[in-house]
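Each protein sequence line maps, in turn, to chains A and B. The numbering used here applies: residue 1 is where the first sequence begins, and numbers increase by one. The numbering used here applies: residue 1 is where the second sequence begins, and numbers increase by one.
For the record, the hints were derived by calculation from the structure and aren't laboratory data. Ideal placement from N, C-alpha and C gives every residue a C-beta, glycine not left out. Among these hints, one or two may not hold up.
[To be verified] Derived EDC-like pairs: lysine to aspartate or glutamate, alpha-carbon spacing no greater than 20 Å straight-line: (1) Lys86/B <-> Glu216/B; (2) Lys145/B <-> Asp199/B; (3) Lys68/B <-> Asp91/B; (4) Lys123/A <-> Glu168/B; (5) Lys296/B <-> Glu84/A; (6) Lys118/B <-> Glu99/B; (7) Lys18/A <-> Glu394/B; (8) Lys186/B <-> Asp115/B; (9) Lys128/A <-> Glu199/A; (10) Lys15/B <-> Glu84/A; (11) Lys135/A <-> Asp77/A; (12) Lys186/B <-> Asp174/B; (13) Lys139/B <-> Asp53/B; (14) Lys35/A <-> Asp181/A; (15) Lys122/A <-> Asp310/B; (16) Lys211/B <-> Glu154/B; (17) Lys139/B <-> Glu163/B; (18) Lys313/B <-> Glu199/A.
[Unchecked claim] Now the in silico label distances, taken between C-beta atoms and shown as ranges: (19) His167/A <-> Leu366/B: 30 to 36 Å; (20) Glu149/A <-> Val268/B: 36 to 42 Å; (21) Lys15/B <-> Glu199/A: 29 to 35 Å; (22) Glu394/B <-> Ala232/A: 31 to 37 Å; (23) Asn285/B <-> Ala5/A: 49 to 55 Å; (24) Glu149/A <-> Asn285/B: 51 to 57 Å; (25) Lys15/B <-> Asp140/A: 49 to 55 Å.
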Amino acid sequence: MTTTATIIEAFGIKKIYKRGAERVAAIDGLSLTLKEGEFLSIIGPSGSGKTTLLNILGCLDNPTSGKLAVGGITVHDNGRGLSESQLTRIRRQLFGYIFQNFYLIPTLTVLENVLVPFTFFKKRGAEKDVMAILKNLGLDKRAGHLPRELSGGEMQRVAIARALVNHPSVLLADEPTGNLDSERSREIGQVLRQLNEKEGLTIVLVTHNPELALSARRIMTLKDGKIVEEQARPEH
Amino acid sequence: MKNRQRLSLFQIAWKNLARKKTRSFLTVVGIALATWVLISLFGFNSGYKNSLDRDIDNLGFQMLVVAKGCPYEAATLMLKGGTGLKYMNEDIVKLITREPEVESVTPMLMQVVFDPNKGQSGGLTAFLGIDPATFPRLKPGLSFKQGSWFTNPEAREVVMGYEAAELEQREVGDVYLIPEKEVELKVVGILNRSGTQDDGTIFLPLQTLQKIFGQEGQLTSVGIKVNKETNLPLFEEKMFKLPDVQVVSLTQVKTTIMTLVSTARILVLSIALIAILISIMGVINTVLMSVMERQKEIGILKALGALASDVFKLIWLETSLLCLLGGLLGAGLAVLTSSLTEYLIRQLLPFSPSGGLISIDARLILISITAVVLLGLLSGIYPAFRAARMRPLEAIRSEEE
Ligand SMILES: Nc1ncnc2c1ncn2[C@@H]1O[C@H](COP(=O)(O)OP(=O)(O)O)[C@@H](O)[C@H]1O
Ligand SMILES: [Mg+2]
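Just need the whole structure built from these sequences, with the hints factored in.
And the structure:
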């Protein structure tokens, strides 16, 4: 039996927000482990802490307490964390992000948008796969178009391509279909599932759409900052 | 399909500016105007000084000796209607020539006449009697459009300044009559335009003029050229000791003019500095605004791997691009409008030399553009710092709203 590498290891994570005098625990002592090749979706009602958790796992936000290690590096240990530039270096090695709003740069073409990460950082040889990634996402004919000429589903696929060009270890997706109709949502779900199953990409998907959550093999339900349920996708 | 698989920071910056075309354009125009004022001003500074120097060198003599109380400038003379003329005896020339510092000396007699046929209500005409042997040598700057100097020291001939000839519509070979004096003179030469008072003057041989006006043996001024090594202030003092004369040193005149001009220049320079300050504020404002508007996008760039220093560079690049464009446009404007500016300045100045007032060269343009870009870099620091400090989270957070 081969042991797959652990990419994210979180233990006893808490995130406390102060709201006036009140202190709200958006994440309340949560632990989880993510291994290479996994596809995890996190579901839960609005305000349950999904975004907060994803941001912490993706090193975009610091937990108030707890321990977090990504790619074998301890980035946070009980209130003490790495500097912003150290975090940036870890983020660009390990993570690709997509969001509900696609955040494409409106004046750049599809191809240019996808190339933006290379302006700051490029993994060796990454550029030769760009066209393949676009083709895989059905965007090869759209390379020269501007974002405003695309449909919402296409825009999100461009965002996915942009997140993938530097070969991240994990793709983190926060409500990627929040702005799409159910048809396009299903399409994105298929794209993610295919990336996981065919390319072995590790994915963490946050959504309140139960159908989309079923694209993943491992489904976690969050409520009030705690995991209330964890299940595997029923195979059929 | 072969694609360039690389997008430079420069391209991103450029396209960011292109996004708000009007705003970027207005900012660039602000900088351009400031640069334009700056270049024109410094161009004027060096151009004016050069021309003034050249004009004074063209005068040929550094010093003018006139009778005490006599106005020495033709313009002043004209204003006074030619009444202020005072005379010296020709003997003064010998006295001056004795001084070892003197290289050459040229005696002159000026006469001003009211001509009822000039213009609509009559006007004044200035005649200058000159010594054909010395005057042309001392005034190498005068050149002929037609003809040449007099045939002999007593010839009944005139040489006309460019404007005088135009006004009287005379050509070489024509006859010229001095108003009220029944003397016929022959036009033997017409000078090229010099931009000085010589243009309106009619030249005669000294002796001829003295005879016509009954001023035998009299002079109004003596031009002096001294040796190169001469200590001018010392020599001036010596000349002051001569009886009943006053000395007008042209270096003195030049200093007076330059002082006047530099006072005006300081004023304009302050205006230029204010213009630059305002346009810099405009740049800061524009860039800061676009940084605030793009908060989310900047956050995303950071999530895509941009370090704080990358974002800083990007915003800095945008600022410098605005300033560089403004600088180039302003320099172009300054070059294109230099003759208009020159015209306007001529209207304002008490005395304008004949040569170009504004000299804009590559060095000046380069220095000005560099200065503007440096100022731009300076003003870009704050917005760039603000942008660099933004955290990627802010971008993602704000979508929850
Ligand atoms: N910046 C913040 N300041 C204060 N409270 C916050 C902030 N961000 C999120 N919260 C709170 O934390 C809780 C979890 O929010 P979030 O992670 O966005 O939930 P979800 O993504 O599941 O809707 C909510 O109660 C929310 O109001
Ligand atoms: Mg959320």
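Consistency of the hints with the structure:
no.: 1; hint: Lys86/B <-> Glu216/B; result: holds (14 Å)
no.: 2; hint: Lys145/B <-> Asp199/B; result: holds (12 Å)
no.: 3; hint: Lys68/B <-> Asp91/B; result: holds (16 Å)
no.: 4; hint: Lys123/A <-> Glu168/B; result: violated (86 Å)
no.: 5; hint: Lys296/B <-> Glu84/A; result: holds (17 Å)
no.: 6; hint: Lys118/B <-> Glu99/B; result: violated (43 Å)
no.: 7; hint: Lys18/A <-> Glu394/B; result: holds (17 Å)
no.: 8; hint: Lys186/B <-> Asp115/B; result: holds (18 Å)
no.: 9; hint: Lys128/A <-> Glu199/A; result: holds (16 Å)
no.: 10; hint: Lys15/B <-> Glu84/A; result: violated (27 Å)
no.: 11; hint: Lys135/A <-> Asp77/A; result: violated (41 Å)
no.: 12; hint: Lys186/B <-> Asp174/B; result: holds (6 Å)
no.: 13; hint: Lys139/B <-> Asp53/B; result: holds (14 Å)
no.: 14; hint: Lys35/A <-> Asp181/A; result: violated (31 Å)
no.: 15; hint: Lys122/A <-> Asp310/B; result: holds (14 Å)
no.: 16; hint: Lys211/B <-> Glu154/B; result: holds (9 Å)
no.: 17; hint: Lys139/B <-> Glu163/B; result: holds (18 Å)
no.: 18; hint: Lys313/B <-> Glu199/A; result: violated (36 Å)
no.: 19; hint: His167/A <-> Leu366/B: 30 to 36 Å; result: violated (46 Å)
no.: 20; hint: Glu149/A <-> Val268/B: 36 to 42 Å; result: violated (51 Å)
no.: 21; hint: Lys15/B <-> Glu199/A: 29 to 35 Å; result: holds (31 Å)
no.: 22; hint: Glu394/B <-> Ala232/A: 31 to 37 Å; result: holds (36 Å)
no.: 23; hint: Asn285/B <-> Ala5/A: 49 to 55 Å; result: holds (50 Å)
no.: 24; hint: Glu149/A <-> Asn285/B: 51 to 57 Å; result: violated (32 Å)
no.: 25; hint: Lys15/B <-> Asp140/A: 49 to 55 Å; result: violated (22 Å)
Checked against the numbered hints above, the structure violates hints 4, 6, 10, 11, 14, 18, 19, 20, 24 and 25; every other hint is satisfied.
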